[in-house]
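A.B. asks: Below, each chain spelled out in residue letters.
There are 2 protein chains.
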Amino acid sequence: MPTMFLCKSEILPLLDMKEVIPAVENAFRQWALGKAQMPPKSYLTVDKGDFRAMPASLPGAAGMKWVNVHPANPSRNLPTVMAVIIYSDPETGYPLAVMDGTDITAYRTGAASAVASKYLARKDASTLGLVGAGRQAHTQLMAHAALYDLKLVKVYDLSEASTSRLIKAFPQYRIEAHTLPEVMDSDIVCTVTPAHSPVVRKEWVKPGVHINAVGADAHGKEELDPEILNEAVIFVDDMRQASTSGEVNVPLDKGLLDPNRIRGSLGDVVAGTKKGRTNDREITVFDSTGLAIEDIACAHMIYEKVKRNSEFTRLNFVEA
Amino acid sequence: MPTMFLCKSEILPLLDMKEVIPAVENAFRQWALGKAQMPPKSYLTVDKGDFRAMPASLPGAAGMKWVNVHPANPSRNLPTVMAVIIYSDPETGYPLAVMDGTDITAYRTGAASAVASKYLARKDASTLGLVGAGRQAHTQLMAHAALYDLKLVKVYDLSEASTSRLIKAFPQYRIEAHTLPEVMDSDIVCTVTPAHSPVVRKEWVKPGVHINAVGADAHGKEELDPEILNEAVIFVDDMRQASTSGEVNVPLDKGLLDPNRIRGSLGDVVAGTKKGRTNDREITVFDSTGLAIEDIACAHMIYEKVKRNSEFTRLNFVEA
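Sequences listed follow chains A and B, in order. Per my numbering, residue 48 is the first one in the first sequence, and the count goes up by one each step. Per my numbering, residue 48 is the first one in the second sequence, and the count goes up by one each step.
Check each hint, because a few of them may be wrong.
No copy labels: a pair is met if it fits in one copy or bridges any two.
[Claimed, not checked] Listed next, the in silico BS3-like pairs over lysine-lysine satisfying Cα-Cα at most 30 Å (straight line):
id, residue 1, residue 2
1, Lys249, Lys301
2, Lys82, Lys95
3, Lys65, Lys321
4, Lys321, Lys301
5, Lys301, Lys354
6, Lys301, Lys352
Hints listed in this document are in silico derivations from the structure and should not be mistaken for laboratory results.
Start from the sequences, fold in the hints, and give me the full structure.
C.D. replies: The following block contains the structure:
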């Protein structure tokens, strides 16, 4: 039985936000219903960075993402983050496919925010704010544009080059560079910065906003003033990951956040076991750390799409 | 930068016990010296079996083995255990190679036992006993034959077919089928059974023997009567893994083993920080659970051997 190999240049054309969003939404649902498995990430730390092994299974799918974070890579003309996904048959363990996971990671992260917005933002949301205009901002925008008819996208980044790259990449949308307080005056805000201390102040946050806090993905990182969290209703992607590496990790550690502000997980809301937003003036926050089930859901979607397609590389990798 | 893909049929000819043994020996040394990293294995359990993510780094090498155990596979004409190794550049995180890891696993397991025998068995050892004649027995034999001039190999298995397959596979050695007590009367014994309760009795064990206890690799498995362990000097591959899944896990849990019988790790002996065998009548036991550092050491050895060889598949997998 051959194993399929899908390179970065082949994966990108297979990624369609309109398919990624429901795949990720379903992963959250299965996880909340206890039908998915996701053991803790295993971290391997080396001198120049770290690696994470992220295994997960969903009904009919299993696999593992191996992803690195090497901050000095851009000086060598390499991305900071690269990922490989091994997609396995849960019935036999057979490695059905090995895929580049770099774009899958960016797409599923955008899709997770869009799923959160779908369940937590006001129904009439039509403006999007992006705090940070880097690679992750692109897929946040793409995912929200797939779900919403966006009247205006406001963006702020320390780097003007990043901002104009984002604007040029999406000529079909009305995207404007704004100050941070102006960006925060949007119906939905995605924070996608590498900040280690809060960049968003309490006084900028308007009633009724939904914030996808995406940047914090490691111990010690945070983007939002804890006072925002203390007035918000918070949903996490996974409590275990959020409390160690998500937006809530620093304020929880410092005792600055009332743990009761965390109402549950996004999966609980998707599965219907917890209520999301209850009124139009509530501030909702989704703390997104990135889950292995999101990656495996995408890998499953892609594999099912191409498994009968003969144009991709197949090797008798692990012969029977 | 292209990534190299090495299939099972390509890996096997690249595996030479005379190279695998020193690579594994060096991995034990680096681990004992604190120069290797090996976070705990991450287990993913599904209905039909399980998967393990095994990350590790050594000086100049990093990577991860993704290995499954699906006991019902033979009925589908698939191996129970299959493995894929992603071999990464520790400096950048770049996935340099993706290799079949199935034969690497068998070879490094044999090599680990041979390293243990080198440091723990009597210097004049010339007979090898194999308790179990399955796949793992083959590489135990190959590894010991690479280090010792074996006068006689005695083998016992419940399955006569397995025994005769082993004998036929190595016509160059004198291999004889024997009863279990006779097999135990060897200078070095390797136990490679899937037993969940002791198969080797105390009265069969001779003074001066060295036993490589390889079969126990999961919680609840054991091959040796705990009374053997209580009269032996025990070395583990890794204390964390051994106490949860190695030969010592059951007797430690039941309080049947004095923890002081465990003198240290094989790495301590290889690195010279702990003494191995101290006299010719001592019974020594190596509790082998299988370490990710052994896999990554082999992957490194293979990659260095072939990285300039153009005959293997290269794909622009994760483009810069």
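A.B. asks: Against each hint, give a clear statement of whether it holds in the structure.
C.D. replies: Against the structure, the hints come out as follows:
Within a single copy, Lys249 and Lys301 get their C-alpha atoms as close as 18 Å, which meets the 30 Å cut-off; across copies the closest is 56 Å, which misses it. Within a single copy, Lys82 and Lys95 get their C-alpha atoms only as close as 37 Å, which misses the 30 Å cut-off; across copies the closest is 15 Å, which meets it. Taking the shortest Cα distances, Lys65 and Lys321 sit within 30 Å of each other inside one copy (25 Å), while across copies they are farther apart (60 Å). Only within a single protomer do Lys321 and Lys301 lie at most 30 Å apart by alpha-carbon distance; the minimum there is 27 Å, versus 43 Å between protomers.
Proximity of Lys301 to Lys354 under the C-alpha cut-off of 30 Å is found in neither arrangement, the shortest distances being 49 Å within a copy and 49 Å between copies. In this assembly of identical chains, the alpha carbons of Lys301 and Lys352 never lie at most 30 Å apart, being 46 Å within a copy and 51 Å across copies at closest.
The structure is inconsistent with the numbered hints 5, 6, although it conforms to all the rest.
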